[in-house]
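Asks: Letter by letter, the chains look like this.
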Amino acid sequence: MSTSDWQDRYYDIDQVLNTPGPRTDPAFLAGDGVKDFLRNQAKILVIGAGGLGCEILANLALTGFKDIHVIDMDTIDISNLNRQFLFRQKDVGKPKAIVAAEFIMKRVPGVKVTPYFGKIQDKGDDYYLQFNLVICGLDSVEARRWMSATLVNLVDPENPESLKPLIDGGTEGFKGQARVILPTITSCYECSLDMLNKPTAFPICTIANTPRLPEHCIEWASVLEWPRVHGEKKVDTDDPEHIGWLYTTAAARAKEFNIEGVTWSLTQGVVKNIIPAIASTNAIIAASCCNEAFKIATSSAAYLNNYFMLIGTEGVYSYTFEHEKRDDCPVCGGESLELPISSEFTVEQLIELLVEKQDVQIKKPSLSTPTSQIYLQAPPQLEQATRPNLSKKVKELVSEGGEVTVTSTSLPFSLSLRITYTN
Amino acid sequence: MATTDSIDITAAQAQPDSKTRRYDRQLRLWAASGQSALENARLLVISGSATSTSVLKNLVLPGVGHFTILDPANVTHRDAGNNFFLEGDSSIGKSRAEEAVRLLAELNEGVEGKADTSSLEHILDTNPGYFASYTLVIAHNLEPKLLARLSTLLWADDTLPILVVVNSDGFLGEFFIQFHEHTIIESHSETAPSLRIDKAFPALYDYATSLDFASMDPTDHTHVPYVVILVRALADWEAAHDGKAPQTSADKKAFKEAVQAMKIKFDEENFDEAEAQAYRCWTETGVPSDITALFQDPQLSKLGPTSPPFYHLLDALRQFTLLPPHTLPLSSTLPDMKANTSSYIHLQKLYKTRAEEEKATLKGFLTVPIDDAMVDSFVKNAHGLKVLRGKKWGALDAEPASLASAVASSPKAAATHLALSALSSVSSPTPSVEALTAAAQALLPPGIELPDEFSDAVGEIARAPNADLPNTAAFLGGLVAQEVIKMITKQYVPIDGYCVVDLIETWTGMV
Ligand SMILES: [Zn+2]
Numbered sequence: 001m002s003t004s005d006w007q008d009r010y011y012d013i014d015q016v017l018n019t020p021g022p023r024t025d026p027a028f029l030a031g032d033g034v035k036d037f038l039r040n041q042a043k044i045l046v047i048g049a050g051g052l053g054c055e056i057l058a059n060l061a062l063t064g065f066k067d068i069h070v071i072d073m074d075t076i077d078i079s080n081l082n083r084q085f086l087f088r089q090k091d092v093g094k095p096k097a098i099v100a101a102e103f104i105m106k107r108v109p110g111v112k113v114t115p116y117f118g119k120i121q122d123k124g125d126d127y128y129l130q131f132n133l134v135i136c137g138l139d140s141v142e143a144r145r146w147m148s149a150t151l152v153n154l155v156d157p158e159n160p161e162s163l164k165p166l167i168d169g170g171t172e173g174f175k176g177q178a179r180v181i182l183p184t185i186t187s188c189y190e191c192s193l194d195m196l197n198k199p200t201a202f203p204i205c206t207i208a209n210t211p212r213l214p215e216h217c218i219e220w221a222s223v224l225e226w227p228r229v230h231g232e233k234k235v236d237t238d239d240p241e242h243i244g245w246l247y248t249t250a251a252a253r254a255k256e257f258n259i260e261g262v263t264w265s266l267t268q269g270v271v272k273n274i275i276p277a278i279a280s281t282n283a284i285i286a287a288s289c290c291n292e293a294f295k296i297a298t299s300s301a302a303y304l305n306n307y308f309m310l311i312g313t314e315g316v317y318s319y320t321f322e323h324e325k326r327d328d329c330p331v332c333g334g335e336s337l338e339l340p341i342s343s344e345f346t347v348e349q350l351i352e353l354l355v356e357k358q359d360v361q362i363k364k365p366s367l368s369t370p371t372s373q374i375y376l377q378a379p380p381q382l383e384q385a386t387r388p389n390l391s392k393k394v395k396e397l398v399s400e401g402g403e404v405t406v407t408s409t410s411l412p413f414s415l416s417l418r419i420t421y422t423n
Numbered sequence: 001m002a003t004t005d006s007i008d009i010t011a012a013q014a015q016p017d018s019k020t021r022r023y024d025r026q027l028r029l030w031a032a033s034g035q036s037a038l039e040n041a042r043l044l045v046i047s048g049s050a051t052s053t054s055v056l057k058n059l060v061l062p063g064v065g066h067f068t069i070l071d072p073a074n075v076t077h078r079d080a081g082n083n084f085f086l087e088g089d090s091s092i093g094k095s096r097a098e099e100a101v102r103l104l105a106e107l108n109e110g111v112e113g114k115a116d117t118s119s120l121e122h123i124l125d126t127n128p129g130y131f132a133s134y135t136l137v138i139a140h141n142l143e144p145k146l147l148a149r150l151s152t153l154l155w156a157d158d159t160l161p162i163l164v165v166v167n168s169d170g171f172l173g174e175f176f177i178q179f180h181e182h183t184i185i186e187s188h189s190e191t192a193p194s195l196r197i198d199k200a201f202p203a204l205y206d207y208a209t210s211l212d213f214a215s216m217d218p219t220d221h222t223h224v225p226y227v228v229i230l231v232r233a234l235a236d237w238e239a240a241h242d243g244k245a246p247q248t249s250a251d252k253k254a255f256k257e258a259v260q261a262m263k264i265k266f267d268e269e270n271f272d273e274a275e276a277q278a279y280r281c282w283t284e285t286g287v288p289s290d291i292t293a294l295f296q297d298p299q300l301s302k303l304g305p306t307s308p309p310f311y312h313l314l315d316a317l318r319q320f321t322l323l324p325p326h327t328l329p330l331s332s333t334l335p336d337m338k339a340n341t342s343s344y345i346h347l348q349k350l351y352k353t354r355a356e357e358e359k360a361t362l363k364g365f366l367t368v369p370i371d372d373a374m375v376d377s378f379v380k381n382a383h384g385l386k387v388l389r390g391k392k393w394g395a396l397d398a399e400p401a402s403l404a405s406a407v408a409s410s411p412k413a414a415a416t417h418l419a420l421s422a423l424s425s426v427s428s429p430t431p432s433v434e435a436l437t438a439a440a441q442a443l444l445p446p447g448i449e450l451p452d453e454f455s456d457a458v459g460e461i462a463r464a465p466n467a468d469l470p471n472t473a474a475f476l477g478g479l480v481a482q483e484v485i486k487m488i489t490k491q492y493v494p495i496d497g498y499c500v501v502d503l504i505e506t507w508t509g510m511v
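Protein chains in written order, with the working numbering: chain A, 1 to 423; chain B, 1 to 511.
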């Protein structure tokens, strides 16, 4: 018992650590051993110190994890304060990871939280190998794909310690999900990419020529007018002056076309792709993630197999199911993805398809065959050298049944395609 | 275009104030009306347990008006270990209510928090009027006898606060909302209201039938909205078929072909959209059956000047639907569709004008004054109206037959509910599986067996009969707060019954 553990500190938790229940694995060793592992040995990593992250950190600290690390690259914004309860008005502008870590250490004695204010991609395999478990509470699809793929790649069959369970949570308004990923054993984040909602995309011709909705006017202002007027300067969606410019520009266009409904809030919502977020949904999903972490770390009870989905708009509806691994998952499946295309397809069209296809969604893909480079996004010299291929037909470069390897700098894995021609 | 100066002024005026910025992510869910309801709500929370403070955290953050924690206890060693709204061992020995209120109030300066260290029993004995000033009362793991008295007191009069009963132990938990009646206008239904293509209103019909598709400019032709195409195609079809819409599958196929035949170029996407939406021509727009069912509500037969505005509006709606074309009032919201700006905006105007006219007709049936914002909202959301009638807490356990049917229809959730009910009915602090099983069995009618799943649930209770686990507390804290928000804002649809939670296999269910 460490000095900060006053008597009966864990009175509640110890009840489930002292005795097994009907659904506890027979291998569970009730008593001091499991408590010692949880409180003195387990090292856990939390990705994200935002809506889910704040909740996750508090729950982990209370359940007895004492060595917690947290990574977050964001700073605190006023709109975080309606749910990110470790932050106060005076913290606006400061790094989330650092403020959250300090708060937890002050509130829960004896817990060490080590913050890292930066990107998950800054860290390498050695860093991730030091943890027993990883919990991800992020809103970025890209970062979650990276984390999931990194942990799958980390698995060394010779070394059971290299398998790091990943618990992933996500919320949107009154809805959310939590899942347990055992890298290489269960389905991974990449396996379920097709379950994501398709983002609303407005065709550029609608935006340019036939606006009908206030959203079309806002897209016009941000996608077409901003670069025309401001050149190379990028929109900073956190800068009220930039949002103000987009708002007035969109409002003027809406007026011209008799379209109603352009507001500041809608402008911000469209350009920042704002997802509604509340404390209660985050609390449910974060609790579920931490509960799985606790059960996995202690074996005190069976854990989620492997996906929990919650819809809270009409009553409380939830669905718990086993999400299955995809054989053609580029991260854990091994089989190449069969891709039938028209023999008229150009390389450029193939790239567009890869960007949009629900189960692929690779931004800026580079393509090659086992013997040649088809198109590379970087470095500039190679991009230039392969650019002429964009207008060529795929069929000229890849034979029927041929393999194409797709890579992207944003993802730590490559996708293997088997191209067939439909005509 | 406005001048640069006036643009700057508009931007400055439109920029939200700091309160709106703080609440931005939730205002997108329940808007200013929901926020104002939340800010006017007063909550009473009985006990400062880990679960209670978890619920409160999720209500203080979004800005509930006031909360009181009623708790005579001082912080124990165990409280200091499992409750985030106590300051570890430095809170030990201090008032649990005062410590929790102090740390919860820090979360939001706009919220008023109060600690009351009186005992509930004393209040029930001496001051039953205490509760009337609250909107809603939340009780966690309250002693069964006090809970029974409290629920009876609050049930006696429908002006008294709603009661939310939360029970939890170890990895299991449940909660129940005691209310008499809950009416919802903004249910945020995901079904879209009918565009009434099959029953086109005169201005829409006239517009669609007056268009000369043959001589139209080809660019305009590509931009006729599908609604207009379908109204026209249906009018043409009906003229050739004794005034009848397509009925057989052969008819429907022929109708779709006729729509495709209207194209002048193969790539006119508006006609493809029309074909895809053609079912709207033969799906008759009527009054949805769950709305018709509301017209039978007992409140309508005794409607008087003091009846709630919702029922006056419902009765006006009922009378409206008696008029041809026997539909709900038209919605003015038009989904996006392939069209150019002018034809879309023109169509939108036709819908808006008609929607205003129909709203005026509905208003004509009102016999009491009701503010315009409420009428607008009622008409706009008419397809998703809800009336829920609740039950007194404990009613289910007092009706063996209802429990038996719950066991048959949802055995897992019913098993967990029975195990938790058994825990509160036995007096031992460390009850045996046998004692709990006997207590649960006693709730069921003779001859009805406990479901197989009961052993999993009861084993957990016996293992940890007295554990307020932080993760379970946080999970229930989220769920309960979410339902409380729905009750207070009267938006979205709250639970009807017990919501049961099992955090071993991680599922939720309803009994
Ligand atoms: Zn996978």
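You may find that some hints are simply not true.
[As the list claims (entries may be wrong)] With a Cα cut of at most 30 Å, we get these calculated DSS-like pairs of lysine-lysine:
#1 Lys234(A) / Lys19(B)
#2 Lys490(B) / Lys255(A)
#3 Lys265(B) / Lys357(A)
#4 Lys94(B) / Lys198(A)
#5 Lys255(A) / Lys94(B)
#6 Lys363(B) / Lys490(B)
#7 Lys349(B) / Lys35(A)
#8 Lys106(A) / Lys119(A)
#9 Lys256(B) / Lys198(A)
#10 Lys363(B) / Lys199(B)
#11 Lys265(B) / Lys90(A)
#12 Lys145(B) / Lys272(A)
#13 Lys94(B) / Lys145(B)
[To be verified] Which chain B residues face chain A? A few, computed with CB under 10 Å, are given here:
#14 Ala12
#15 Ala14
#16 Arg28
#17 Val60
#18 Lys94
#19 Ser95
#20 Glu98
#21 Asn340
#22 Gln348
#23 Ala462
#24 Cys499
#25 Ile504
These aren't lab readings, by the way, just hints derived from the structure by calculation. Even for Gly, the Cβ is constructed at its ideal location relative to N, Cα and C.
Asks: Against each hint, give a clear statement of whether it holds in the structure.
Replies: The hints, checked one at a time:
1. Annotation: proposed proximity of Lys234(A) to Lys19(B) holds, straight-line Cα distance about 28 Å (limit 30 Å).
2. A distance of roughly 34 Å separates the Cα atoms of Lys490(B) and Lys255(A); the hinted pair therefore is violated under the 30 Å criterion.
3. The suggested pairing of Lys265(B) with Lys357(A) holds, with an alpha-carbon distance near 28 Å, which does not exceed 30 Å.
4. Distance restraint check for Lys94(B) and Lys198(A): the Cα-Cα separation of roughly 52 Å exceeds the 30 Å cut-off, and the hinted pair is therefore not satisfied.
5. Between the alpha carbons of Lys255(A) and Lys94(B) the distance comes to roughly 61 Å, so the proposed pair goes past 30 Å and is violated.
6. A hinted pair counts as satisfied when its Cα atoms are at most 30 Å apart, and Lys363(B) with Lys490(B) qualifies at roughly 22 Å.
7. Restraint check for Lys349(B) and Lys35(A): not satisfied, since their Cα atoms lie roughly 68 Å apart, outside the 30 Å limit.
8. Of the supplied pair hints, the one linking Lys106(A) and Lys119(A) holds, its CA atoms being roughly 25 Å apart against a limit of 30 Å.
9. Only pairs whose Cα atoms come within 30 Å are accepted, and Lys256(B) paired with Lys198(A) is accepted, the gap being roughly 28 Å.
10. The hinted pair formed by Lys363(B) and Lys199(B) meets the criterion: a straight-line CA distance of about 22 Å does not exceed 30 Å.
11. Taken as a hint, the Lys265(B) and Lys90(A) pair is broken in the structure, with Cα atoms around 62 Å apart against an allowance of 30 Å.
12. A C-alpha spacing of about 52 Å is found between Lys145(B) and Lys272(A), which places the hinted pair above 30 Å, so the restraint is violated.
13. Taking the CA atoms of Lys94(B) and Lys145(B), the gap is about 27 Å. The hint holds against a cut of 30 Å.
14. With a cut of 10 Å, the hint placing Ala12(B) at the interface with chain A holds, because the nearest CB-to-CB distance is about 7 Å.
15. Taking 10 Å as the C-beta contact cut-off toward chain A, the hint placing Ala14(B) at the interface holds, the least distance being around 4 Å.
16. The beta carbon of Arg28(B) is positioned within 10 Å of a beta carbon in chain A (closest approach about 4 Å), and the interface hint is therefore held.
17. For Val60(B), the shortest C-beta to C-beta distance to chain A is roughly 9 Å, which falls under 10 Å, so the interface hint holds.
18. Interface restraint check: Lys94(B) against chain A, minimum CB-CB distance 15 Å, threshold 10 Å, status violated.
19. Because the beta carbon of Ser95(B) sits about 18 Å from the nearest beta carbon in chain A, more than 10 Å, this interface hint is broken.
20. Annotation: interface hint on Glu98(B) violated; nearest CB of chain A at approximately 17 Å, more than 10 Å.
21. The criterion of a C-beta within 10 Å of any C-beta in chain A is met by Asn340(B), whose closest approach is roughly 4 Å, and the hint holds.
22. For the restraint placing Gln348(B) at the interface with chain A, the shortest Cβ-Cβ distance is roughly 8 Å, inside the 10 Å limit, so the hint holds.
23. Interface hint status for Ala462(B): upheld, as the beta-carbon distance to the closest one in chain A is roughly 9 Å, under 10 Å.
24. A cut of 10 Å between beta carbons decides the hint on Cys499(B): the least distance to chain A is about 5 Å, and the hint holds.
25. Among the interface hints, the one on Ile504(B) holds; its C-beta lies about 5 Å from the nearest C-beta in chain A, closer than the 10 Å criterion.
Hints 2, 4, 5, 7, 11, 12, 18, 19 and 20 from the earlier list are contradicted by this structure; the remaining hints agree with it.
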